[in-house]
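Trainee: We have chain A; now place chain B onto it with these hints.
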Amino acid sequence: MTAWPRRFVYGLLFCLPVVFLGLRYQRGEEAAFLPGRTSDGHHQIESQCSLCHDPFGGAKDEACLECHGPSLKARQDTHAPEKFEDPARSAQVALVDARSCVPCHREHRAEARLRGSVTVPTTFCIDCHSEIRQDSPSHAEFSDSGCASAGCHNYHDNRALYRNFLAKDRGSPRLRADPRVPTRTSAFEPRPTPEPDLPLPFGPDRKSRDGDQGPGWKGDLLTAIMEWSRSAHAREGVNCTGCHQRPSGPSGSAPGAVWTWAVEDTTCASCHRDERLGFRNGKHGMRLTAGLAPMSPGLARAPMKKEGSSRTLGCTSCHGVHQFDRALAAVSACEGCHNDEHTRSYRASGHFTAWLRELRQEAPPGSGVSCATCHLPRFAVPEEHARAGRSAGQSSQHKGIRVEHNQNGNLRPNDRMWREVCTHCHGASFSLAALVDAGLVAGNFHGQPSPALTSMDLVEKEERNEKPRQP
Amino acid sequence: MRNRDSPEGRWFSQVGIFAAAVGALGCRPDPPPVSVDEAAWQRRLADALHLVLSADREVYTSQVVNRLQNQEKVINASEHWADDKALPLPAQMFRMGAEQVRAKTKSFTYALVSLSPINKQNRPRTEVESRGLTALAESPGQNYYAEEVLARARYLTAIYPDRAVSEACVTCHNDHPDSPRRDFELGDVMGGIVIRVARP
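Top to bottom, those sequences are chains A and B. Residue 387 in this note's numbering sits at position 387 of the first sequence, and the numbers go up by one each step. Residue 1002 in this note's numbering sits at position 2 of the second sequence, and the numbers go up by one each step.
Here chain A stands alone, though its shape is the one from the complex (with noise of 0.2 Å):
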């Protein structure tokens, strides 16, 4: 072929994918661009490349932080970055730079993951800690890869796994006197809800103003108002204009209100702030978060049904739209949408049963084991954080016991879960061997645990045998 004629070819190769892969990007099709499968973590905001990547400057730490640091912070990093900072530990940080996240999460790199989103070997602690068969002989005869087994120690988050906790534990019974969690109390404090200053938009004979198909109207008027009636915001005096007025202008622009059959969940949040934040951190909100479309089943990774594949996530999708049944949010919503071997399991299980009698008022609030008691557990709000937010002024923020809405915060690694929720009723012995076994978490604990080393058996051995451990 002649100069010109394999130029020409030669330019067409390099201009047309060029081109090509412009267009696409210029349409926001970012995904095309992506070098491998993401994470499970990440594969609902692959599209958004900018979230983590500065252009032709990689992943930044500060990003992973932005969305992972405060829960990293609240859990007591066991390895945070400040930790490597110090020049002596140069030697190992030229081994696993442990001051960045990226060398041990690497993205887009299916086939180096060995454990969730983890792609170093197994054997990196050992890196740092090569003494610890001669500091704890109960570590001799382990193996460099058995660290970060289930049940022995996290990389970030060790505040379930270090010997005293567990030691304080150590003869607990499989299941305590008083299995409870603690009972949530209000998720917001009561305001005033505004007078109606405009009519409303139907009349006595509750027929919509704008006829059935007014815009935003789905429903039949009767039905909403008996399903509020018998609501928490119907108990604490929030009514129809409290989510359906909003001002007719920017705060403060224009006086008056006008009426909206669409409750956007920034009106929830106005008085449920904690409870957005949780869910915007969590799967089921992080999509909202990263400023995309709301998640829906259809685009999750994990097993889901396929009915309503297409319906959108946020407050009322399990909530419902005007009962805001919390015994409906806690079970039925969560298996209307996921269809894995753990959540098909959960009728056949004694946690069920236990929810079943409490709805029954057969047993004390607190003793049932609904989806939502170990996936949205519930935590303690200290005074002084009430007190600040109080200052500063959200509403929302007050001393009780709420329920963290973020339904992912302790689901890896599993015994985060055993500290927060499994700890009120079940002794740490039984617990941590059910988390380990695999099994039995699929099957929803229906059953009991395998025989399993767990740390509780090491602690129980150390402290029978008694100090020193050290020569």
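It should be emphasised that the hints constitute simulated quantities derived from the structure, not laboratory data. Treat the hints loosely; a few may be bogus.
[Claimed, not checked] Lysine to aspartate or glutamate pairs mimicking DMTMM-like chemistry, simulated, CA-CA at most 20 Å apart: (1) A:LYS283 - A:ASP265; (2) B:LYS1106 - B:GLU1147; (3) A:LYS461 - A:ASP169; (4) A:LYS168 - B:ASP1178; (5) B:LYS1104 - A:ASP97; (6) B:LYS1120 - A:GLU462; (7) B:LYS1073 - B:ASP1084; (8) B:LYS1104 - A:GLU85; (9) A:LYS283 - A:GLU66; (10) B:LYS1104 - A:ASP86; (11) A:LYS461 - A:GLU141; (12) B:LYS1120 - B:GLU1079; (13) B:LYS1104 - A:GLU82; (14) B:LYS1085 - A:GLU420; (15) B:LYS1106 - A:ASP97; (16) B:LYS1106 - A:ASP86; (17) B:LYS1106 - A:GLU85; (18) A:LYS73 - B:GLU1099.
[As the list claims (entries may be wrong)] Restraint ranges, calculated between C-beta atoms of paired labels, are given here: (19) B:ASP1037 - A:ASP54: 35 to 43 Å; (20) A:LEU95 - B:GLY1097: 24 to 32 Å; (21) B:ALA1039 - A:GLY58: 32 to 40 Å; (22) A:LYS461 - B:GLU1072: 32 to 40 Å.
Owing to the predicted nature of the structure, the values given are computational and were not obtained by experimental measurement. For every residue, glycine included, the Cβ atom is placed at its ideal position computed from N, Cα and C.
Mentor: Then chain B, alone, in the frame of chain A:
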């Protein structure tokens, strides 16, 4: 003349580029020596930092931990202070401050190290730290100063004796199950405060 596109030509080009790169690296200037004034100033800076750190550490140990835990028995100090609703141990207090500083600057760092640490992560990690702690043990009244290169960065490393200033130090270190040494007495050197000042 040799054809530049021939395999031999490409080989010569690659060798040429490699030789030029080696030459360029070899010709780069050495880092300027630290002047006497600068070295003395860095040592004074390390000494001043140590004065502040050791004063705060001694006050926390004696006026907070020892007073509230050992004398007035108001609240305990615990390694797991958050869960136990207790005071952080003096070594933890020191380490938390050191980590906050490390997150904000690389111009200086400080740490607590010991030849007989309860937390094994506080062992000496560099040759200078080991030599310094040994020197402090042999001559307790002296500080130890050395030049150190770590990860291609130069530091003035100063190591100061860390003594048992109150009964709380002695009882905790002698009674802790992980303590490798159990014969400490009041005033003993238990370890060293290492301060590193980065050199330009």
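Trainee: Compare the structure with each hint and give your call.
Mentor: The hints, checked one at a time:
no.: 1; hint: A:LYS283 - A:ASP265; verdict: holds (16 Å)
no.: 2; hint: B:LYS1106 - B:GLU1147; verdict: holds (17 Å)
no.: 3; hint: A:LYS461 - A:ASP169; verdict: holds (14 Å)
no.: 4; hint: A:LYS168 - B:ASP1178; verdict: holds (18 Å)
no.: 5; hint: B:LYS1104 - A:ASP97; verdict: holds (18 Å)
no.: 6; hint: B:LYS1120 - A:GLU462; verdict: holds (18 Å)
no.: 7; hint: B:LYS1073 - B:ASP1084; verdict: holds (15 Å)
no.: 8; hint: B:LYS1104 - A:GLU85; verdict: holds (10 Å)
no.: 9; hint: A:LYS283 - A:GLU66; verdict: holds (16 Å)
no.: 10; hint: B:LYS1104 - A:ASP86; verdict: holds (12 Å)
no.: 11; hint: A:LYS461 - A:GLU141; verdict: holds (14 Å)
no.: 12; hint: B:LYS1120 - B:GLU1079; verdict: holds (14 Å)
no.: 13; hint: B:LYS1104 - A:GLU82; verdict: holds (9 Å)
no.: 14; hint: B:LYS1085 - A:GLU420; verdict: holds (17 Å)
no.: 15; hint: B:LYS1106 - A:ASP97; verdict: holds (16 Å)
no.: 16; hint: B:LYS1106 - A:ASP86; verdict: holds (9 Å)
no.: 17; hint: B:LYS1106 - A:GLU85; verdict: holds (8 Å)
no.: 18; hint: A:LYS73 - B:GLU1099; verdict: holds (13 Å)
no.: 19; hint: B:ASP1037 - A:ASP54: 35 to 43 Å; verdict: holds (41 Å)
no.: 20; hint: A:LEU95 - B:GLY1097: 24 to 32 Å; verdict: holds (27 Å)
no.: 21; hint: B:ALA1039 - A:GLY58: 32 to 40 Å; verdict: holds (38 Å)
no.: 22; hint: A:LYS461 - B:GLU1072: 32 to 40 Å; verdict: holds (37 Å)
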